[in-house]
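Peer 1: Top to bottom, those sequences are chains X and C. According to numbering that gives the first Met the number 0, the first sequence holds residues 0 to 119 in order. According to numbering that gives the first Met the number 0, the second sequence holds residues 0 to 511 in order.
To be clear, the hints were calculated from the coordinates, so they are not data collected in a lab. As the structure is a prediction and not an experimental result, all values here were calculated from the model. One thing to keep in mind: the hints can contain errors.
Cβ pair distances, simulated, as ranges [said to hold, decoys possible]:
#, chain 1, residue 1, chain 2, residue 2, range
1, C, P450, X, D110, 42 to 48 Å
2, C, N1, X, L55, 57 to 63 Å
3, C, H109, X, V100, 43 to 49 Å
4, X, G107, C, A214, 40 to 46 Å
5, C, E415, X, Y21, 19 to 25 Å
6, C, V470, X, I85, 40 to 46 Å
7, X, I1, C, G333, 36 to 42 Å
8, C, G112, X, S108, 35 to 41 Å
9, C, G333, X, P59, 39 to 45 Å
10, X, L10, C, N373, 46 to 52 Å
To spell it out: a stretch of chain X is covered by chain C in this simulated footprint if at least three of its residues, at any positions, have a beta carbon under 8 Å from a beta carbon of chain C; those stretches are [unchecked claim]:
#, stretch
11, 72-85
12, 95-103
For glycine and all other residues, C-beta sits at the position ideal for the given N, C-alpha and C.
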Amino acid sequence: MIPFQFITAFLLIFMGLYAFLYKRNLIKLILALDIIDSGIHLLLISLGYRLEDGTLPTAPIYTGYETLKGTPMVGPIPQALVLTSIVIGVCILALAMALTVNAYRHYGSLDINKLRRLRG
Amino acid sequence: MNVLPFLIIVPLMGAFSMPLSSLLGEKARSAWAVLVSALTLAVASKVFYDVWSTKQLLVYTLGDTTPLGKGVGFPIRILWEVDLFGALLALIVAFVAFMAIIYSLEYMKHDTGLEKYYTLITVLELGMLGIVITGDLFNFYVFLEIMSIASYALVAFRNDTWEGIEAGIKYMFVGSLASSFILLGIALLYGQYGTLTMSYLAVKIGQNPTFVGKAALGFFIGGLLFKSGAVPVHMWLADAHPAAPSSISAMLSGLVIKVGGIYALTRIAFSIYGTSINIKTVGWIIILFGCATLIVGNAMAVIQTDMKRLFAFSSVGQIGYILLGIGIGLAAYGTKVGDIALAGAVYHIVNHALMKALLFLVAGAVLHQIGTKNLNELSGLAKRMPFTSFAFLIGAAAIIGLPPLNGFASKWLIYESSALFNPFLAAVAVIGTAFCTAAYIRVLFTFFGRPSEVVDNAEEPGKAMMLPMLVLIVAIILMGLFPWQINDKIMLPTVDMLKDQLHYVAAVIGGA
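Looking at chain C on its own, in the form it has when it is part of the complex:
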């Protein structure tokens, strides 16, 4: 059975029945939220397993069974098309969202309007799942906007504080401008080629790469770099991610910037444009943005005194590594080096989603128990909150890239491929990691330093907050124990499917 539609149906139904379930009381609503996200995770695992075990694309057409229009000669249906990259991200999205929802059961207990909160968080998950499974450009735009609107509202969820409102407004203006760029790109492509189906567009662009098509790619890259928080336009990220509630920060930093930015960029560059344009130039543009991003993001993280802001800048830095990997994958398209770089980038997307989710959940636990996230006041936390500090230790070590943890493998792949491609880039990447290490060592010294009076009465958070952190720690350690097996079994097939533009096209045009 094709379970793909349930990936959208379950969270959509769940989200909008959330207010109904809250009529039955607080317990029913919590149970419903957990149930919906658990079901989504189950469906996502099934989709991932199907795609992974058969190595075939899953195609689902809305409406008619054949994607070709009757008597029109080109596909006019909206269709969903999932390859291994999309399925992998769907799995990660569902997993981290599940953790965030369990965490919010306790973390958000003191807030009001929680039925809206759970509706929005499920809609946010829905938007991301839609982006990773869609095979239609306008459908992609609609899901992108669903995701973006939900995240603007969630950043400004605590509207009694100025912090959330200011961050929400900044995020909303920048995000809407970026969305407009993407819509303009879609309009140009539609005007030039008369279709919105990604695979058919790939055929058309391959036949006739015009100037308008390339201009559209420019708008896409611009808009999606805005959305992923690359360096010249990263300031909204450093405001928005710390101001959101911590469970939302975990989703924003771990998932939204990757799904709404990096994934879409990769999909458009590889599956729509592919080799029909001068892919080397595009690759170098992305590499340059990636280098700037990883230096500035990590360097800015060193000087922060606000813990969540530090993590947000660190997210900017990690996005730099992913962009670097994808850029090398484009610039060295078709060579072994390009494959390794892409595998590293995909691997780092997954790893960073887990690590940054864990780190923001730690920050949330500290904020929830002590009420401050200022690093100068948090000295000596480890004595009072040993589990939380241990979780931070694991997350920080993983993000720096210490060997027994999962960050090591993905960063190693990126260093290795950039050194083979161009040694200068490898030097830049290592300098970025040096800054990253400095930033996290500083937090570590704060946590394990002499206790201050603020933390004297601190206690560990409750079970609902400990459990997601524990699961994420276990996931990080498990992934760290088998890095090369995961790379061979999952990441390299993902890269092969991502690069196989012909297959992506044939799955739709060849008659489903």
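Same shape as in the complex, but just chain X:
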């Protein structure tokens, strides 16, 4: 059986792809990119999650208490990866917003179909 987190992650990715392909507003396209990224982040995070014998895992902060109690920790690497990826995502978001503001100044519209002056 596929864990429900994976299904949710791929649903998010496909929702984002749908919006990316069929929406025409620049802001909505930026949101679509963000939703795709969120889906991938959810996938990565849920890869590190594990449930052993019904005990809930703790955050991956090593204090010595965990080994004493024997409770499992979630995988730390995916969390580090997702943190990095979120930071990258924010950079892209900021740049995309800045470009969108500039595009509105030049074209007076947020419709991607209006951004068609380059051709040849």
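For this one, chain X is given, so just place chain C on it according to the hints.
Peer 2: Frame of chain X, contents of chain C only:
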């Protein structure tokens, strides 16, 4: 001494101290930019020489000295691993970036916000250097994004023009989607095999090639073909590369599409997957994309009236040749034909970086001195700008593949190997070259035609713009004089190291 970390440290420090140096004035900032890129070039040459003379991989682990986790049993460190292919590309990246920065000293003089420009161009160089030296998949993704974000911002650098903004937006959306694909591929691989180190992944995939691993390869190929501008998804390239400032176009066309697309594709196909999957199928997929790319790119170049747009489409066409070479190298893995094709592809990556950088610098010189890049208005340029026209002549002849210049050797290797592999592919490649020749002959006739009134008062550009063009011309001619020596001494060892997956793995797993 292992100089590898300085390949990242020097441009990183240089980039972010650029605004500080500009407090001391314009001269200090220019000097600092040139100094940083010259130092990077020196470090890259040292790395290349080290790898080339010893024929050994350079491995550098961040953090601990041993790549194996203490008591974990698999490598969890981030590590950098450079083979000859990576070192060769690092050298070319540092060289072309150095030329582009010298060129921008004069070319960008009239723009504002130049401390941001020099910061971004150095960060762009840093991202590419990081991609070619990394041995860790997530580290690769981070450097890929550093490179991509810097190039989106640089394409839209002149944000008072609609051209730059529109091209920047298109480039950014396509590039971010491609990056998402690559991240998804990395996530799938991590979920399946629990590691991100490339060499350890190679071991794991060799032991157990699952469906998820192959799906991840699909996402990688998709994302990286987007990034390299292969044909069904090449439209962003034809918009983004002409709209950027010319020094940036030279870096985008000469380096970014190769390092961020072709190099990563080659590294993933050869070093991570290698023979553990059905490599022939992957090779044929890349060959088909390559054929489509080289026909469409070169054919579209013929009908352009905008000089920079013509060069951008020509870049698409040349990427087709490189993809064709790499595809044959994969499909004929382990045979002599495959080796020749790969050597041709690697050779063409280097040659095209030099040629296309030169051509875009010529376009920039014309645009800077005359103010238009429309070919219909530029008739008779050669009388007023003889040096620039000569530079164009050399670049065009090299890209078509005339014998005394460097393009001949690499294209010949690709024709030869594709003819041996499958004569149909050779026919396609020659048709592509016919279109390419037609496109450049047209520009040549424009340059040497009857002078129009637009070019009457044109003058040659200043020294800072002439010097990079001159150096590139000399490099092209020198490489053209010794094609087979370069092939035997550099390209064939590169191919041997690239194909030697066992060695790539052993350098890390065998305990560094």
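Peer 1: Is 42 to 48 Å respected by the C-beta to C-beta distance linking C:P450 and X:D110?
Peer 2: 43 Å, holds
Peer 1: State, for the Cβ atoms of C:E415 and X:Y21, whether the hinted interval 19 to 25 Å holds or is violated.
Peer 2: 47 Å, violated
Peer 1: Between the stretch 95-103 of chain X and chain C, see if three or more residues pass the 8 Å beta-carbon test, and mark the coverage as holds or violated.
Peer 2: holds (count 5)
Peer 1: Three residues minimum, CB to CB under 8 Å: does the stretch 72-85 of chain X make the cut for coverage by chain C? Let me know.
Peer 2: That given contact holds, which follows from 5 residues of the stretch 72-85 of chain X lying within Cβ reach (below 8 Å) of chain C.
Peer 1: Assuming the hint says 36 to 42 Å, is it satisfied by the Cβ distance from X:I1 to C:G333 or not?
Peer 2: 38 Å, holds
Peer 1: Does the Cβ-Cβ separation between C:V470 and X:I85 fall within 40 to 46 Å?
Peer 2: 42 Å, holds
Peer 1: Quick check on a hinted range of 35 to 41 Å for C:G112 and X:S108, using CB atoms only.
Peer 2: For C:G112 and X:S108 the Cβ distance comes to about 26 Å; the hint is violated.
Peer 1: Looking only at beta-carbon atoms, does the pair C:G333, X:P59 fall within the given range of 39 to 45 Å?
Peer 2: Holds, at about 44 Å.
Peer 1: Using the C-beta atoms of X:L10 and C:N373, is the stated range 46 to 52 Å upheld?
Peer 2: The hinted range 46 to 52 Å holds for X:L10 and C:N373, with Cβ atoms some 49 Å apart.
Peer 1: So does C:H109 sit 43 to 49 Å from X:V100, Cβ to Cβ?
Peer 2: 24 Å, violated
Peer 1: Does the Cβ pair X:G107, C:A214 satisfy 40 to 46 Å?
Peer 2: 43 Å, holds
Peer 1: For the range 57 to 63 Å, tell me whether the beta carbons of C:N1 and X:L55 fit it or not.
Peer 2: 45 Å Cβ-Cβ, so the 57 to 63 Å window is violated.
The structure fails hints 2, 3, 5, 8 (numbered hints given earlier, in ascending order).
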